[in-house]
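**Q** Letter by letter, the chains look like this.
Number of protein chains: 2
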Amino acid sequence: MRSICAVEGVRAGGIKERKYGLALIRAEGTAAGVFTSNRVRAPCIDLMKKQIASGTLEAVIANSGCANAYTGPRGYTDAEWMGILAGETLGIDPEHVGVASTGVIGRYLDRLIIERQCRSVAPRLERSENAEEQAAQAIMTTDLVQKHALTERGRFRVAGICKGSGMIAPRMGTMLAFLYTDAEVDASTLQKLLRRVTRRTFNRVVVDGDMSTNDIALCTATGESGRVNEGNLEPALGECCRSLAMQIAADGEGATKLIEVRVHGAPDEESADAIARAIVTSPLVKTAVYGEDPNWGRVVAAAGFAGVEFDPYRISLSIGEEEGKVPLVDRGAIVVDLSKAKQAMQGKQVVFELVLEEGSGQATAWGCDLTEGYVKINGRYTT
Amino acid sequence: MRSICAVEGVRAGGIKERKYGLALIRAEGTAAGVFTSNRVRAPCIDLMKKQIASGTLEAVIANSGCANAYTGPRGYTDAEWMGILAGETLGIDPEHVGVASTGVIGRYLDRLIIERQCRSVAPRLERSENAEEQAAQAIMTTDLVQKHALTERGRFRVAGICKGSGMIAPRMGTMLAFLYTDAEVDASTLQKLLRRVTRRTFNRVVVDGDMSTNDIALCTATGESGRVNEGNLEPALGECCRSLAMQIAADGEGATKLIEVRVHGAPDEESADAIARAIVTSPLVKTAVYGEDPNWGRVVAAAGFAGVEFDPYRISLSIGEEEGKVPLVDRGAIVVDLSKAKQAMQGKQVVFELVLEEGSGQATAWGCDLTEGYVKINGRYTT
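Those protein sequence lines, which keep their order, are chains A and B.
Quick note on my numbering: the first sequence kicks off at 1 and runs consecutively.
Quick note on my numbering: the second sequence kicks off at 1 and runs consecutively.
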């Protein structure tokens with residue numbers, strides 16, 4: 001199994017027809033979710049919050065192609081209808097069905113397509129690699145690759161699938177991420193762990209700095225492998241979410257390179273986070289990475305507008321990692337060898353490490369380069 | 001005269017040799033300035049703040065090609081040296097010379113080039129259209145066009161030249177803007193007016209959301225046309241800065257269209273400003289404008305993450321202006337005619353008007369579309 005179907009108690013299925021896809025995932029257990037903080041959130045977010053409140057979820061239905069966002073009361077009714085449809089076809093309580101959508105904003109759901117797709121998928125749910133790939137494929141929009149992650153820890157597992165490529169920005173839940181574990185954990189602990197892990201993984205991915213209306217990260221614990229210590233579950237969940245987060249960054253719209261920014265020595269974690277995200281959001285840093293142009297001054301300039309107080313002449317900056325690490329600035333002194341720096345920008349992953357001398361705060365953020373491809377994809381999205 | 005040389009008491013000159021340019025502007029008077037708030041500001045910003053503190057300026061020297069930013073004590077000494085050089089060649093007190101730089105960050109000044117260029121320009125300062133064009137040309141980096149503005153109000157004038165095309169973002173002074181008026185006004189009033197006007201003009205231009213290390217907007221009042229009432233001077237200064245701000249947006253790196261976002265009915269001006277800037281900063285809005293794709297949901301989504309509380313179902317949104325205005329959302333109801341909306345996106349200027357029903361706050365922000373050209377320009381900037 002690639003990921004979620006390795007978790008005891010999870011069955012999945014999906015269908016994708018051109019722009020329109022639908023995934024169903026069946027898994028009973030305690031549930032937790034984190035959501036977009038966009039003021040214009042989709043009605044399904046409100047519905048999902050309500051469903052999650054009970055602490056239990058039995059299944060999830062998710063469609064792609066239409067975000068059912070900015071659709072008001074009609075959109076809310078449509079989301080409820082999706083939950084009822086899934087509940088009926090799966091023979092479970094619609095109150096325990098989570099609903100998620102992704103796609104164009106400001107369009108109403110096409111119930112005909114969704115009903116047909118749901119009725120086609122529901123009878124075919126399975127615990128198989130093929131089934132989970134169908135589900136992961138079904139929720140893709142501009143994604144080029146499926147995103148799966150699986151963390152195994154002796155007797156329990158944490159796994160997830162997700163989608164996300166554009167309109168990816170910090171301070172949100174994420175795009176759609178469906179996480180499963182067969183560990184037994186109560187809903188409030190799961191919520192606490194998911195929130196903590198999300199802050200350090202999904203919330204640190206930036207593709208373009210735009211926060212979606214529909215972001216959801218959802219975790220269901222089926223409990224089939226028995227009680228697991230919180231201290232064991234959190235790192236496993238963290239590892240799984242980190243893998244998915246990096247997959248989102250690497251598959252950013254039009255991206256050719258994954259950018260990883262590691263900040264150490266900041267006044268606190270929040271400051272480190274702000275600096276790492278400012279750098280990874282900067283279009284000037286992103287285009288320089290694309291062009292393999294070692295214009296490191298843009299990295300320093302981006303750190304400077306992150307809203308954090310620090311002494312710019314006590315920082316160190318390097319590019320690359322391990323043996324390939326090339327120093328650019330050493331405690332305020334410019335030490336860069338431009339041709340070596342350029343070399344360190346080749347390859348699929350570019351790592352910047354920024355060390356401040358202000359405290360012990362650290363954070364890592366992920367993003368991708370900005371290319372002509374991003375412009376092309378987003379210049380003609382609805383037409 | 002196109003602009004600054006129409007102001008009594010102003011003489012200018014400049015030279016541009018490939019990437020390297022130098023402008024000199026001679027004008028004695030009361031002076032005010034606003035500056036970048038980037039934590040990593042260039043040494044010349046610190047020097048300029050010191051010179052401005054006296055309330056008097058006699059000349060400005062500005063170079064392009066090297067920003068002399070992130071250059072520490074050596075950079076500060078280089079900036080001081082530039083001021084002394086200009087003072088000596090112009091025969092004035094170096095304490096009253098402002099110094100500005102723009103270009104690559106993290107490189108030291110090439111004193112040989114600057115000295116040669118300064119000695120060549122200083123003897124040729126004039127009050128002529130040709131001279132001011134040389135100065136405007138000299139400070140250009142990736143700018144494609146010179147930027148001039150002139151506002152005449154009966155007996156007094158306000159004029160300015162500026163440069164700016166990339167690394168343009170809110171919450172700063174601006175890029176380099178040199179403003180002149182022959183009105184007589186004391187330095188503290190001038191500072192107050194410049195700060196107020198900057199907040200509504202330069203600070204509302206976004207090209208890419210990156211805040212420069214070197215932004216300066218400087219205004220010198222020669223006083224040669226006599227005392228002018230504050231209430232008359234502010235709108236004239238505002239008109240002039242607004243024109244320059246729009247010219248920066250229209251000449252954004254790789255831009256094909258100017259975007260204007262007008263927000264009305266926000267809780268207050270600060271909220272209107274936040275929403276207008278979020279929209280104009282959004283890469284998804286910018287690429288949609290480039291592709292003439294009426295994907296208006298992105299505009300609403302961007303408003304939603306601006307950090308302002310508002311009821312999304314009481315907003316109205318339109319595209320275009322005057323007879324060409326096409327409604328997209330009317331008090332929460334989707335009313336868009338997509339083919340008409342697409343038509344309203346043709347042409348060199350695209351206007352979005354967003355009306356909330358929360359209060360009387362209003363603000364206008366300017367930006368430009370995001371194109372393959374931006375990616376190309378910034379992928380190979382230093383190489």
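Do not rely on the hints blindly, as some may be mistaken.
If several chains are the same, the list does not tell them apart, and a pair holds so long as it fits within one copy or across any two.
Said to hold, decoys possible - Calculated cross-link-like contacts (lysine-lysine; reagent style DSSO-like; alpha-carbon spacing at most 30 Å):
#	residue 1	residue 2
1	K348	K376
2	K342	K376
3	K16	K192
4	K342	K325
5	K342	K16
6	K325	K376
7	K342	K49
I should point out that these hints are in silico values taken from the structure, not numbers from a laboratory.
Please read these numbers as outputs of a predicted model, since none were measured by experiment.
**Q** Against this structure, judge whether each hint is valid.
**A** Each hint tested on the structure:
1. In the homo-oligomer, the alpha carbons of K348 and K376 lie at most 30 Å apart both inside one protomer (21 Å) and across protomers (19 Å), since each shortest distance falls under that limit.
2. In this assembly of identical chains, K342 and K376 lie within 30 Å of each other by CA distance both inside one copy and across copies; the values are 26 Å within and 17 Å between.
3. Taking the shortest Cα distances, K16 and K192 never come within 30 Å of each other, neither inside one copy (34 Å) nor across copies (60 Å).
4. Only within a single protomer do K342 and K325 lie at most 30 Å apart by alpha-carbon distance; the minimum there is 12 Å, versus 48 Å between protomers.
5. Taking identical chains as interchangeable, the C-alpha atoms of K342 and K16 lie at most 30 Å apart only when they sit on different chains, with a minimum of 29 Å there against 41 Å within one chain.
6. Taking the closest pair of Cα atoms, K325 and K376 come within 30 Å of each other only across two copies (27 Å); inside a single copy the shortest separation is 33 Å, beyond that limit.
7. In the homo-oligomer, the alpha carbons of K342 and K49 never lie at most 30 Å apart, since the shortest distance is 47 Å inside one protomer and 36 Å across protomers.
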